[in-house]
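Participant: Letter by letter, the chains look like this.
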Amino acid sequence: MTVHPRYPTVLAAVDAAASQGTAVHFVRDDESVERLTYAELRSRSLAVAAALRQRGVAVGARVPVILPTSPEFLATFYGLMIAGAIPCPISMPAGFGSIEGFAHRLTATTRYLGAKTIVASAELCEPIRQGLPGVDVVAPTDLAPPPGTTDDAALRPPSYGRIGADHPAFIQCTSGSTGSPKGVVLAHANLVANCEQIARALTVRSDDAMVSWLPLNHDMGIIGGVLMPLYTGIDTTLLSPGRFQRRPASWLRAISRFKGAISPAPNFAYAYVTARAKDEELEGVDLSTWRHPLCGAEPIDYRTLHAFQRRFEKYGLRKNAVHPCYGLAEASLAVTFHGAERPLAFDRVKARELASGVAVPAGEDDAEAVAVVNCGPPVDGAAIRVAGRDGEDLAEGHVGRIWVKSPSVMRGYFELPDVTAETLRDGWLDTGDLGYVLGGELRVTGRAKDMVIIRGKKYRPAEFEWAAERAAGVRPGTAVAFGVFSEEQGTELLYLVCETDKPKEEHDALRTAVSTAVLERTGIRPDVVRVTRRGAVPKTTSGKLQRNRTKDLVLGGRDSQSWRLP
Amino acid sequence: MRCGSPIGRRVIATMGTRMEDEVIRLIAEACDVNPEDVQRDRLLVEYGLDSARAMDLVVGLEDAFQVQISDEVASKLRKVDDVIRFVCERAPR
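One line per chain: the protein sequences are S and U, in this order.
Each residue of the first sequence is one higher than the one before, counting from 1 in the working numbering.
Each residue of the second sequence is one higher than the one before, counting from 1 in the working numbering.
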């Protein structure tokens, strides 16, 4: 079924939303609320657009945006779009002492994007300027409109009418410490198509409300939490990711207070809130309005969702509330949804057969059976196919690479034609994920591309390996990083393995040094560091690291002569 | 009142020490290490303070000293001493 978006661009959606009485609510850390109607938001965005143009920001200019969840973020984001420029939301520095690593990554990203202007929170402007001489680094307070122009129509730039469906709307960046950032270019047409697809899949009604604490540099946060509500003209309530992490109960309190019907989150968040929200923080909380607790962005563990369901039913959470979904930034956000009010479904399949590529139902008494969550059928206008090693279509129940075709699929990676050509073929997107289809519904079982997903965020293993090798004593080119799913954490743990020539009595100190080096440069502390002797990390004959084989060796406990862990 | 303001040197020294001890205790608790092992001139990452543990520390500091620590502020606090100084400067007395 094809989709016909109701608006051609996000800008047209901004105009439509402005004519309604709905609003964005920002919940501050003290739980006070700032309400901004879409009409007010449009006025502020137009003012920012005018100020940006005055500073020389041209149509097509890429502008990194480094702001916390706030009215300023949204006014800057839409302001850049109105000016025809391309906002590139970048994650805020996270963690104590993270500013240096952050500045390093930002420098690489800014060069890659060819950005001449950056909008950042006032606290960050100075450290950013130091690393990027010649780039105009501005705080939102510097973006006042030209004096005397307060009328929305007068603030509209001359280029406004030329911003069409094919114009790039924003770039979703992954920044890398190894200096190889990648930017997913999404056109207006991609975004409005995905918003329409999501709205249909969730049967969004005009009195529904969204609640989201997800970071706005993440596809689920910006498209799910912000753009889809704008597109459908419904209220949205935004909390900062930090607020959720510090007080996870504040997520549920916001859903209760603003009668949230839709609120998405990665698997880890459901585990986190189940474990950490205290009953005394939830007095009077009513979750009965929450029709769509969506779960996606990382591997889904049915046990996590069952535990969440059981824990919060006494707060009015509907039966069978949580539904899994599948998507990725390269397809804007959503590709499949497991429909609302269907019980959470998963296949119990035989482990060995699954590993060899076929989903075979396991018997009741099979203790090694694997549970694979059903992520549902594709959204309207999208198609999925599962392909084998040579690109051939596989039958249902056979595991292969998941390809996606949808009007929401990106234009490509910014200025990376080779990577784009590898990823987009004949209108199909290679997701890099592995899975199978049964009854037209998708199951995700793993990934073909090396990737670690921690708390819903994707990382390339090379980032961690590069960082680990900064520790003195690690043999160059031997660090291997991979993720291992943890039921307790609800997300992947980071494992690092590396070789050293140091004597055994120094291995403890080296493990600490590796851990510190990785934490300092990436903000992630490895959960497990293994140090081993020269020649133990498996490589191909051409000397390439074999991450999957290393992972098998570490986890499988297989006896291997060349593999002796300390 | 700031740690360095010249009012009753002994009183301030005592309060400062108490505050410093409490900050160190909270850092040790968040990083799951012994308070005696936490040294003022060391980097927080050396104690394994990642972003998840940092959240526990922020909550601990905010509750104990009624200070607000945003992500931007935290990103500039690298050493144990930076945190102590920040809290001493900002905490209401």
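Don't read these hints as lab results, they were simulated from the structure.
There may be inaccurate statements among the hints.
Computed cross-link-like contacts, BS3-like style, restricted to lysine-lysine with a CA-CA straight-line distance of at most 27 angstroms [stated by the list, open to error]:
| # | chain 1 | residue 1 | chain 2 | residue 2 |
| --- | --- | --- | --- | --- |
| 1 | S | K544 | S | K449 |
| 2 | S | K457 | U | K76 |
| 3 | U | K76 | S | K458 |
| 4 | S | K278 | S | K259 |
| 5 | U | K79 | S | K116 |
| 6 | S | K544 | S | K502 |
| 7 | S | K319 | S | K458 |
| 8 | S | K457 | S | K314 |
Participant: Hints first: check each against the structure and report whether it holds.
Facilitator: For each hint, the structure was consulted:
Restraint check for K544 (chain S) and K449 (chain S): satisfied, since their Cα atoms lie roughly 15 angstroms apart, inside the 27 angstroms limit. Of the pairs offered as hints, the one joining K457 (chain S) and K76 (chain U) holds, with about 23 angstroms between alpha carbons and a cut-off of 27 angstroms not exceeded. For the proposed pair K76 (chain U) and K458 (chain S), the alpha carbon gap of about 25 angstroms is at most 27 angstroms, so the pair holds. For the hint linking K278 (chain S) to K259 (chain S), the alpha-carbon distance of about 20 angstroms falls within 27 angstroms, and the restraint holds.
With a C-alpha separation of about 33 angstroms, the suggested pair K79 (chain U) and K116 (chain S) falls outside the 27 angstroms cut-off, and the hint is violated. Restraint check: the Cα-Cα separation between K544 (chain S) and K502 (chain S) comes to about 23 angstroms, which is no more than 27 angstroms; the hinted pair holds. With a C-alpha separation of about 31 angstroms, the suggested pairing of K319 (chain S) with K458 (chain S) is violated against the 27 angstroms cut-off. Between K457 (chain S) and K314 (chain S) the alpha-carbon distance is near 31 angstroms, which puts this suggested pair outside the 27 angstroms criterion.
The earlier numbered hints that this structure contradicts are 5, 7 and 8.
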